[in-house]
Amino acid sequence: MSGPEYPGSPAELPGVRVDECTMGVVEIIARPGRAGELVEIARGRGIELPTFGRIAYSSDRLALCVRPDRWLLLLAPPAPAASGPDRVDWWESAAQAGAAVDQSSAWATLLLAGPRSREVLARGCRLDLDPLLFPVGLAAATIMAQVPVILAAVPSGLLLLTSASTARHFREWLAAAAKPFGLMPQSIISVADLCRSESG
Amino acid sequence: MRGPARIVGGWGVDATRSVQFSFDGRRMQGFSGDTLASALLANGVRLVGRSFKYHRPRGIVTAGPDEPCALVDVIGAHGREPNQLATTLALFQGLATESQNRRPSLRVDVLAINNLMARFLPAGFYYKTFMAPGWAWERVYEPLIRRAAGLGRLDAIVPAHATPAESVHDHADVLVVGAGAAGLAAAQVLGATGLRVLLADQDTVLGGGTLLDARWTRWRESVCAQLARTAAVRRLPGTTVSGAYGHGVYAAIQTLDPAESAAFGGMRERLRVIRARRVLFANGAHERLIAFPGNDRPGVMLAGAALAYLRRYGVAVGRRPAFFLNNDEAYESVYALTAAGICCAGVIDSRPRSLAADRARDMGIEVHAGAVVEKVYGRHEVRGLGWAARAGGQRHKLEADCLLMSGGYSPATALASQLGAALRWEESIAGFVPELSPDLGQAAGAARGHCGLAAAAHDGRAAARVIAAQLDCAVRVAGADADAEAELPPDPEATPISALWEVRCRGKAFVDLQNDVTAEDVRLASREGYEHVEHMKRYTTHGMGTDQGRSGGLVGSAVLAEARGMPLATVGLSRPRPYSQPVPLAALAGGETGQHFKPKRRLPLHDWHESAGATFVPVGLWLRPLVYARQGGWEPVLAEAGNVRRAVGITDVSTLGKIDVQGPDAARFLDFIYANTFSTLPVGRARYGIMLREDGMLLDDGTTSRLGPQHFLVTTTTANSAAVLEHMEFHLQATCPQFDVVLTDVSEHWAQFAVAGPRAREVVAAVVSAADLCADAFPFMAVAEARIGGIAGRVFRISFSGELAYELAVPARAARAAWVALLEAGKPCGIRPYGLDALNTLRIEKGHVTGAELNGNTSAGDLGFQRLLKRNGDFIGRTLAGRPGLAAPDRLQLVGLRPVDPAGRLRNGTQLIDASERGASLGYVTSSTPAVALDGWVGLALLARGRQRIGTRLLATSPIHDEHTEVEILSPHMLDPENQRVRS
Amino acid sequence: MLRIPCPWCGLRDEIEFRYRGDATAIRPAGDGGVDAFFSYVYERDNRRDWHLEWWLHTGGCRRLLEIERHTLTHEIRSVRDSAEALSARPAAAR
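Protein chains in written order, with numbering that gives the first Met the number 0: chain A, 0 to 199; chain B, 0 to 983; chain C, 0 to 93.
Calculated from the structure, these hints are not laboratory results.
For each residue, glycine too, the CB sits at the ideal point set by N, CA and C.
Take the hints with a grain of salt, since some may be wrong.
[Unchecked claim] Here are the computed lysine-lysine pairs in the DSBU-like style, where the Cα-Cα straight-line distance is at most 30 Å:
1) Lys507/B - Lys178/A
2) Lys507/B - Lys396/B
3) Lys178/A - Lys597/B
4) Lys507/B - Lys597/B
5) Lys396/B - Lys374/B
[Stated by the list, open to error] Interface residues of chain C toward chain B, partial, derived using beta-carbon atoms under 10 Å:
6) Pro6
7) His50
8) Arg76
9) Val78
10) Ala87
11) Pro89
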């Protein structure tokens with residue numbers, strides 16, 4: 000009676016998976032008018048900084064851009080003793096064009112996967128996540144469950160970045176929203192896992 | 000009516016599955032598919048409630064969401080839910096319901112005396128009567144009125160929501176509201192374009208008017224099957240669109256079917272927030288009542304409702320029905336009931352002649368043309384009626400057990416009106432039709448004044464094509480239209496409606512059955528000056544009930560128009576606002592209840608604090624450790640604070656806002672943002688700063704450190720961290736975009752701890768590597784990069800407590816390792832963690848300010864910061880801070896205070912007065928605490944001419960607590976005014 | 000509810016934005032005097048008309064946007080980034 004959205008009982012639902020990613024995060028900010036320069040320097044080092052609203056990824060890192068002339072670079076997690084910006088080895092040559100700020104502890108990163116994941120997010124996300132409009136490769140900053148969230152469509156699912164202080168709140172909200180769709184237990188994954196396709 | 004009324008199996012009920020239910024304790028039986036109303040009618044129940052004001056007996060009037068009278072309480076496992084519509088409430092096994100607003104019982108209602116006193120209860124009665132004395136309103140009148148008036152009652156607020164709820168965000172190219180002939184035809188056309196369509200209908204079965212006409216079954220089933228195969232069309236039956244907010248946003252409440260409800264943990268309704276590029280209103284029309292004396296008697300119903308009860312539920316609403324109508328469409332009910340073998344008592348048609356009346360006469364039905372109903376016989380139900388020629392003359396009596404009325408159909412314009420659509424008077428239907436801006440969408444079918452299903456379907460298609468063209472989408476499936484056109488059953492030829500609003504005779508003729516508003520009330524409002532339709536509405540409460548006056552709204556306007564001698568087109572309808580139908584508050588709250596009501600921000604060390612026995616306190620969204628003890632009272636707080644003064648303590652200050660400021664113009668930018676100077680700050684040093692609003696008042700304070708020539712780290716107060724970031728971002732983009740600066744919020748990345756107390760250096764030195772912390776090498780306000788327990792971080796020598804103190808910052812992920820290392824290192828020194836209460840005690844003694852003093856009303860001068868304002872250069876707030884009023888000597892100034900009696904206490908918010916004068920308040924206590932380094936209690940206050948009053952005595956008075964304490968005014972720097980401790 | 004077409008993020012709900020006041024109010028030079036600052040901070044026309052205003056997209060790109068909104072209908076006629084808006088203004092009005 001209720002239309003095509005929720006066929007079947009919970010037992011038949013294909014399920015949604017939420018995994019937690021551990022990673023290092025560096026925020027890269029171009030100084031006014033220096034974005035092009037910064038992108039070129041990064042490219043020279045083999046790091047692709049995507050255009051606004053998009054992601055760029057290689058086997059072990061992912062860059063996303065949801066603020067003009069700013070990027071979040073997701074990398075393997077830092078060693079506990081390391082200080083952030085030093086880890087971006089190309090930084091010295093780029094310093095005049097911008098700033099790099101370690102944000103590894105600022106974000107909690109979740110990966111939502113499964114065929115119903117966009118329906119789950121519709122419980123709190125105001126963006127139109129139709130796969131035609133938000134395909135793999137796009138990223139956006141928005142508000143979800145009353146907190147700021149950055150989301151990106153990556154090959155393995157939907158990547159959700161939420162502030163560390165609200166991570167537990169957001170996880171609890173997501174778990175509640177996903178429950179009727181069948182929520183699979185979560186595991187810990189790495190940046191490299193994000194860039195593999197969902198079927199893999 | 001006597002005996003059961005179920006005569007034939009309606010298509011909507013399953014006669015093989017009986018359902019038990021109860022109404023007012025009487026156990027009855029219905030069928031699966033019934034509504035409570037259809038089941039009650041099938042059981043011969045006529046009287047279902049008492050009216051709002053006069054306690055008149057009322058029955059079921061409609062067969063759907065327009066119902067004004069049949070509201071019931073549903074008695075569920077979790078309590079009583081009032082104001083449920085019997086006409087839409089699906090019957091289920093064990094459903095228990097009760098009627099409303101009757102005492103002691105439905106048949107014998109003592110307050111029906113209100114009906115006899117009606118001449119003393121006119122519109123505006125409350126305003127006129129319950130005027131004086133003033134005290135009586137609260138104690139006498141209001142309780143009395145509340146008991147007498149109203150509908151359902153709430154037993155109590157259910158403590159935890161009995162059932163879960165959620166809100167869901169939807170997006171579509173086109174939202175089609177209503178799935179009748181027009182909506183289905185439109186969705187079919189739109190579906191063929193590939194546009195994303197949401198098709199919402201309040202009924203659980205799609206079809207609207209086609210559901211009551213067997214000739215349309217084949218068409219409907221074929222279209223529905225086609226839509227089910229069209230992936231871009233999402234059908235939402237049981238979904239009522241009840242709010243249209245502009246910018247393409249709509250709110251809808253979806254009622255879940257039992258299977259889905261079970262999958263969602265018993266959820267009943269879901270709020271859908273729909274965003275659509277265009278809307279197509281195909282939500283039909285509302286049948287109107289006619290205002291005549293006795294038109295509220297149980298058994299007086301809308302003619303269309305009788306048709307629905309017959310065809311859908313197989314229920315005859317009477318054995319001898321009479322009709323009172325003014326349009327051909329309503330004759331469908333006459334024909335249908337007659338065809339079902341029910342003997343029609345007669346038709347009163349206000350028009351002199353019509354095609355439909357001729358057909359009725361051919362069927363042997365008696366039609367009294369050019370006549371009106373003047374009277375209804377019977378008290379608790381209809382026993383007959385009196386009719387007379389419209390021109391006047393003798394009244395005739397007609398025996399009947401129900402009276403089915405129809406005053407025509409008003410297009411459903413509420414949603415279009417919410418979007419600002421103008422209403423145009425359409426004489427051919429005697430109703431208003433919406434003029435919706437094409438940028439917003441279209442109205443089609445009966446919602447645009449078309450009569451007949453075929454006409455509606457054609458109109459729906461045409462509207463869909465307009466929208467598709469606007470959105471640049473051609474209909475892709477060639478020939479689909481032509482096929483479908485051929486299948487449409489033709490509409491019968493009809494004689495137009497002739498408007499009839501009211502029959503003026505002796506007796507109450509209602510224009511609003513739910514709120515008990517009569518035509519006479521409307522005229523009274525007009526006479527008393529409430530002439531505008533909006534004023535009339537508010538004076539009489541016409542159209543303010545849960546049904547929003549759907550069946551009588553236009554009738555009320557027509558009565559007003561006549562009273563004012565103006566055309567109805569000029570008087571218009573009152574403007575509706577969301578929601579056009581009642582919406583459960585639980586559905587609006589959605590999932591944001593209980594633990595999800597608002598976000599909680601947790602510290603990186605939250606789990607450690609918890610395991611250490613902390614009591615948490617919500618501060619904004621943060622959960623902060625208040626004290627490391629489960630018991631209340633000051634004792635554990637003072638133990639923590641005392642340990643800081645005597646030895647050393649550690650506290651978590653990670654909630655501070657932290658903004659990284661970099662770039663060649665970083666220092667100039669901060670000089671502009673802050674009232675004091677940062678360009679002169681050496682690298683490796685921190686400085687306390689204050690920030691003003693442009694109006695000159697204090698915005699925030701905090702320390703800013705210079706990490707490099709072009710690199711600063713700003714800290715903000717916890718409460719203002721988001722506001723200060725926005726303030727800086729705004730100014731960097733709007734008022735000083737020329738500065739080459741980048742701002743980054745690093746609040747979440749860094750955890751920060753304060754280690755404070757005379758032995759702080761010993762603790763920090765043991766953990767911080769390769770840094771010389773001696774007073775000369777690392778003086779007060781020094782900053783350095785350092786490793787803390789091996790973790791790369793920063794050390795700041797700053798103090799909020801007034802003690803020798805360090806703040807240590809590490810990435811939040813390493814917070815626990817650093818914190819534990821500090822605790823370990825501090826063991827020999829007697830280190831203890833301290834919470835927010837102890838932090839507060841320490842800073843009050845020292846005279847440091849927080850949000851209680853930085854309250855938006857204080858200037859730099861008020862808090863003793865005037866020396867921080869730089870003399871040269873522009874900064875935000877500089878000019879207006881110099882206004883004489885902000886420097887006036889009688890402003891409230893920050894002072895310290897303590898009770899003269901060492902045993903006395905202070906209380907925040909207590910007013911300060913001069914005891915000798917018994918005058919007005921001179922100020923108030925902002926913060927207070929029992930002291931640890933000093934004796935007794937100490938506090939901070941904002942006091943007029945405060946600095947002049949230092950050393951004097953005042954009375955701190957709180958009349959509501961009956962507390963009056965003599966206090967001595969002190970300098971706010973009550974502890975160590977020379978700052979020897981922090982510099983040691 | 001407003002939906003604001005952010006030039007960076009696309010059409011977004013009002014909840015993501017923070018209103019930052021009248022965009023026609025230009026901050027006077029630092030030595031502009033009390034009257035000029037008083038006018039800048041307090042004096043508003045509150046007209047029923049098209050209105051230029053600042054909105055900070057805090058829930059998205061965090062850019063400051065200049066929005067032209069009708070105060071009666073809430074219709075939004077134009078939106079542009081503050082950088083573009085300021086560069087389009089005469090130098091005296093920046």
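- For the pair supplied as a hint, Lys178/A and Lys597/B, is the alpha-carbon distance within the 30 Å limit? 20 Å, holds
- Is the Cα-Cα distance between Lys507/B and Lys597/B 30 Å or less? Violated - the C-alpha atoms of Lys597/B and Lys507/B are around 51 Å apart, more than 30 Å.
- Query: Is the interface hint for Val78/C satisfied, with its Cβ closer than 10 Å to some Cβ of chain B?
  - Reply: Hint violated; Val78/C Cβ to chain B Cβ min 13 Å, cut 10 Å.
- Distance restraint between Lys396/B and Lys374/B, which requires alpha-carbon spacing of 30 Å or less: Roughly 9 Å between the alpha carbons, so the hint for Lys396/B and Lys374/B holds.
- Given pair status - Lys178/A, Lys507/B, alpha carbons within 30 Å: 55 Å, violated
- Do the numbers back the hint for His50/C, that is, is its least Cβ distance to chain B under 10 Å? Where the cut-off is 10 Å and the nearest Cβ of chain B is about 16 Å from His50/C, the hint is violated.
- Task: Closer than 10 Å between Cβ atoms is the bar; does Arg76/C clear it against chain B? Give me holds or violated.
- Result: 13 Å, violated
- Item | Restraint outcome when Pro6/C is required to lie within 10 Å of chain B by C-beta distance | Violated, about 13 Å.
- Query: Is the hint on Ala87/C kept, meaning its closest Cβ partner in chain B is under 10 Å away?
  - Reply: Check failed: Cβ of Ala87/C comes no nearer than 13 Å to chain B, outside 10 Å.
- Message: Quick check on the hint: Pro89/C CB to chain B CB, less than 10 Å?
- Response: Violated, about 15 Å.
- Item | Pair hint outcome, Lys507/B versus Lys396/B [Cα-Cα no greater than 30 Å] | This hinted pair holds, its Cα atoms lying about 19 Å apart.
Hint compliance for this structure: hints 1, 4, 6, 7, 8, 9, 10 and 11 are broken, all remaining hints hold.
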